[in-house]
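Engineer: If you want the building blocks of each chain, they are given just below.
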Amino acid sequence: MHQAIQIAVGGLLQGCIFGLLALGFSLIYRVTAAVNLAQGAFCIFAALVTSSCEQAFGMPVMIAGLVGVAATAALSALLGAAVFVPGLARLPGSTMFILTVGLLTILQGASLVVWGSQSYTLTTFSGERPISLLGISIPTQGLWLIGVTIVITSALALLLARTRMGRAFRACAENPLAANLMGIGVRRMQLLSFVLAAVIGGIAGIVIGPITSFQFDTGGMYTMFGFIAAVIGGIGSPLGAVVGGLCLGLATQFAAAYMSSLFSNALALSLLLVILIWRPSGIFSSGPARRQDVRDEPRIHRAVIRLGLRRGLLLSAVAAAGLLGALPWGLQSGGLMSSVVITAILFLAVIGLDVLMGFAGQVSLGQGGFMAIGGYTASILAVRYDVPPLVGTLAGIALSLVCALILGIGAMRLRGLYLAIATLAFGLLVDSLTVGLENLTGGPSGLVGIPSFSLGGFVFDTPLRNFYLIAAILVVILTVLTAGMRGGFGRALLAVRADPLAAAALGVDVRRYKIGAFCICAALGSLAGSLYGFYFHFLSPEMVGTPISFQMLAMLVIGGEGTLFGPLCGVALITLLPTIFQPLAQYKTMGSGLLLILCALYLPSGIFGTAITWLMRMRPERGGVLAVRRSTP
Amino acid sequence: MLELRNLSAGYGGRPVIHGIDLDVKAGEIVALVGANGAGKSTLAKALSGLLPCLGGTIRFRGQPITALSPADRVREGLIHVPEGRQIFVGLTVEQNLELGAYLRRADASRNEIEQGLTAVYARFPVLGDRATGIAGNLSGGQQQMLAIARGLMARPQLLILDEPSLGLSPSLVKEVFQLIASLREQGLAILLAEQNARMSLAIADRGYVIENGRVALSGNAVDLVASEDIAARYLGIGAVGHAGRFDAAIHDRLVAAIRRQT
Numbered sequence: 001m002h003q004a005i006q007i008a009v010g011g012l013l014q015g016c017i018f019g020l021l022a023l024g025f026s027l028i029y030r031v032t033a034a035v036n037l038a039q040g041a042f043c044i045f046a047a048l049v050t051s052s053c054e055q056a057f058g059m060p061v062m063i064a065g066l067v068g069v070a071a072t073a074a075l076s077a078l079l080g081a082a083v084f085v086p087g088l089a090r091l092p093g094s095t096m097f098i099l100t101v102g103l104l105t106i107l108q109g110a111s112l113v114v115w116g117s118q119s120y121t122l123t124t125f126s127g128e129r130p131i132s133l134l135g136i137s138i139p140t141q142g143l144w145l146i147g148v149t150i151v152i153t154s155a156l157a158l159l160l161a162r163t164r165m166g167r168a169f170r171a172c173a174e175n176p177l178a179a180n181l182m183g184i185g186v187r188r189m190q191l192l193s194f195v196l197a198a199v200i201g202g203i204a205g206i207v208i209g210p211i212t213s214f215q216f217d218t219g220g221m222y223t224m225f226g227f228i229a230a231v232i233g234g235i236g237s238p239l240g241a242v243v244g245g246l247c248l249g250l251a252t253q254f255a256a257a258y259m260s261s262l263f264s265n266a267l268a269l270s271l272l273l274v275i276l277i278w279r280p281s282g283i284f285s286s287g288p289a290r291r292q293d294v295r296d297e298p299r300i301h302r303a304v305i306r307l308g309l310r311r312g313l314l315l316s317a318v319a320a321a322g323l324l325g326a327l328p329w330g331l332q333s334g335g336l337m338s339s340v341v342i343t344a345i346l347f348l349a350v351i352g353l354d355v356l357m358g359f360a361g362q363v364s365l366g367q368g369g370f371m372a373i374g375g376y377t378a379s380i381l382a383v384r385y386d387v388p389p390l391v392g393t394l395a396g397i398a399l400s401l402v403c404a405l406i407l408g409i410g411a412m413r414l415r416g417l418y419l420a421i422a423t424l425a426f427g428l429l430v431d432s433l434t435v436g437l438e439n440l441t442g443g444p445s446g447l448v449g450i451p452s453f454s455l456g457g458f459v460f461d462t463p464l465r466n467f468y469l470i471a472a473i474l475v476v477i478l479t480v481l482t483a484g485m486r487g488g489f490g491r492a493l494l495a496v497r498a499d500p501l502a503a504a505a506l507g508v509d510v511r512r513y514k515i516g517a518f519c520i521c522a523a524l525g526s527l528a529g530s531l532y533g534f535y536f537h538f539l540s541p542e543m544v545g546t547p548i549s550f551q552m553l554a555m556l557v558i559g560g561e562g563t564l565f566g567p568l569c570g571v572a573l574i575t576l577l578p579t580i581f582q583p584l585a586q587y588k589t590m591g592s593g594l595l596l597i598l599c600a601l602y603l604p605s606g607i608f609g610t611a612i613t614w615l616m617r618m619r620p621e622r623g624g625v626l627a628v629r630r631s632t633p
Numbered sequence: 001m002l003e004l005r006n007l008s009a010g011y012g013g014r015p016v017i018h019g020i021d022l023d024v025k026a027g028e029i030v031a032l033v034g035a036n037g038a039g040k041s042t043l044a045k046a047l048s049g050l051l052p053c054l055g056g057t058i059r060f061r062g063q064p065i066t067a068l069s070p071a072d073r074v075r076e077g078l079i080h081v082p083e084g085r086q087i088f089v090g091l092t093v094e095q096n097l098e099l100g101a102y103l104r105r106a107d108a109s110r111n112e113i114e115q116g117l118t119a120v121y122a123r124f125p126v127l128g129d130r131a132t133g134i135a136g137n138l139s140g141g142q143q144q145m146l147a148i149a150r151g152l153m154a155r156p157q158l159l160i161l162d163e164p165s166l167g168l169s170p171s172l173v174k175e176v177f178q179l180i181a182s183l184r185e186q187g188l189a190i191l192l193a194e195q196n197a198r199m200s201l202a203i204a205d206r207g208y209v210i211e212n213g214r215v216a217l218s219g220n221a222v223d224l225v226a227s228e229d230i231a232a233r234y235l236g237i238g239a240v241g242h243a244g245r246f247d248a249a250i251h252d253r254l255v256a257a258i259r260r261q262t
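From first to last, the protein sequence lines stand for chains P and H. Count the first sequence with our numbering and you get residues 1 to 633, in order. Count the second sequence with our numbering and you get residues 1 to 262, in order.
Careful, some of the hints might be misleading.
[Unchecked claim] Just some of the chain P residues that point at chain H, by a computed CB distance under 7 Å:
#, residue
1, A171
2, N175
3, L177
4, A178
5, N180
6, L181
7, M182
8, G183
9, I184
10, G185
11, D509
[Said to hold, decoys possible] Sample of chain P residues with no beta-carbon within 12 Å of chain H, all distances over it, derived:
#, residue
12, A110
13, A157
14, A471
Just so you know, these hints were derived from the structure itself, not from any lab. Fair warning: this is a prediction, and the values are worked out from it, not measured in the lab. By construction, the Cβ of each residue, glycine as well, lies at the ideal position given by its N, Cα and C atoms.
Could you build the full structure based on these sequences and the hints that come with them?
Structural biologist: Laid out in structure tokens, this is it:
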């Protein structure tokens, strides 16, 4: 009993952390109907600034904290005015998602440049000695945490429910155009909510700082748990955020205590999936359900840009010849050749993502999970049971397809925000399993001794051989997919993307096509994961984890969605550039975040799509080399 | 009250309306008629500040307002009731109305707002009955009433109504137009953008015909109705009207033929 209470106290504290992180999500969603995935990065930014003030200037932690919060407010005002608010004015919900992934990435990258990759922690606010109450010990920082959570939650609830500004916030989310006509400065309100949320996040980061250690990329984790807590509680409601946080905190702590720490995250994520499918609007739903079609408004009307069939083949042949011709140059330095192979492997996975996002219009944040399933299945079978690589790869694909089907059937009625979070939860679940099942996967230190891919006695053991192998696979897959996307299958997917209701009314079996696209995406991810393992002879959780899912999303958007070939630009830019310019490697994360934001805001069809459109403009369609086919009338 | 001189506005830097000159005097209803896509809604949005002006000036009650934000224009008493109603469907009827008085809340007392609500409920008893109901559950006609009532809550000097008859049944359309005529009785100036030229010219003092983003014709409402050009183009009389009658004849014959077969 005593032990249970002690665990409950631990869960309560953990829950307060999650709840505080979730509050910012709810506030921003309440005002803008968008989700800000950069929220966690502001927590870490505030904590890092505080830590620097403490260490470099010897400030007491409270004053350093104030500086940290002020710096966060300033930074968020800048990013909000330059990126978030302009994005809201012209991007649909799903692209806002990607835009905030860009913000998260750029903040993490900048933190890496400024603060390096070591971990930090803050001094407790009032001494290290825990308070003992009826035999239950509570760290004093925990009391601070509970107090801050109560104060911020009630203040926010009052602000939203009772004040004129709260009503204006609500009006902005309901109908920005009408709110504008009522004389509400909608953009100002949006910016205000963004800054306010960042400040809440900053305070959270500083209060949590002394309890946990943090480093430049902890923000991603904070974002995920805050987002999950907000969705469990019902996004948009401050009370829901805290209740969701508490549910999540208690569940993880009890699972860790009574089952094993391995399954604590897994249990929390399963809880989330169950809640999502059972009651998508969360425990406290705020207002009537919003229509959650992923590709609402402007982006759907964007034409899908592609080359005419014959010209396309010609161009890809030229590109392929060019690539092969470039090889001897690449051979001179093994490093570059290796990067080219990695690019090709990732390209495979991103093509899958393109089918799902660019064509079927669903957002997936779990592509890394499928890479992990494929990679670990094939590698474990090869290392521990001597199964031939090809069979292992196929087994990985089969397992991924089973997972995709289960997830797809359960979650496909979810759309937009909820589908994204279901796939995110799936990816995180796979992450926690790859880390946790140490006997099988080698745990965090990774799985070693994976053989090279081999086919009938021929071993693909050099980068060049691997390159030819993957190039061959790519040619086959791109040919099949190009044909498929030009035919009825692609048209049906585009119809699903543009308007699921209208597509269903026209006789398109929306569920089947969505799940079909999801399966293609999963299979390609799995294949890429297996090849990854065979190429590196080593596989660790962070090579195929959720951060990679986010990175692949960035590669896709930068290259161009719905283009099949476009993602190559994105993958190559992010993978090859840092290799070619070694000194830049440190700036890789920041650079990819910046590129992602620029593309989401200014190049909605990515680099490839924009390049094609440009070529089109230069030559009139009749006599030209290229043809653009429009997807919408 | 409202003077437009050489006004151009549009989307993404490309003008849709070009060099519009238009006046609305105190206490009059001015009808803005024109076909689909002529630029009526663009003009309305430019007046309320939702779209930036690309050229020309807008003066309201003698003051230039071309550079003012939408909020400042609301403060001046220029209220735009947009096309498609645009009510806050997730909020209650009363919350919608209170948001109409959003800027007044800053200085007016709660009492004044209450008086405004009472006045609105007296004029629209349906809204009073459903004050605590969710606005999205109102019928189309009631939503249009709510949109106009919400505009009135801001104490307008000039009301811009964009397609108030859109999607309403003929009897409701009549009701809406009667309401608009009664608002003028209170001394409100109204700019009425409508596709239903016949009805809007019937209650208007003056009218402007917009075509391809330019003023094609303007004058007293009575003269416009009498003008053959307008009649032919927008009122379904004259040359086009003959065609209509011809269609009707074919229709009758077809119906008769079908009846004979069954």
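Engineer: All hints are to be evaluated individually against the structure, with a verdict given for each.
Structural biologist: Hint check results:
no., hint, verdict
1, A171, "5 Å, holds"
2, N175, "5 Å, holds"
3, L177, "6 Å, holds"
4, A178, "4 Å, holds"
5, N180, "5 Å, holds"
6, L181, "5 Å, holds"
7, M182, "5 Å, holds"
8, G183, "4 Å, holds"
9, I184, "6 Å, holds"
10, G185, "6 Å, holds"
11, D509, "30 Å, violated"
12, A110, "33 Å, holds"
13, A157, "17 Å, holds"
14, A471, "42 Å, holds"
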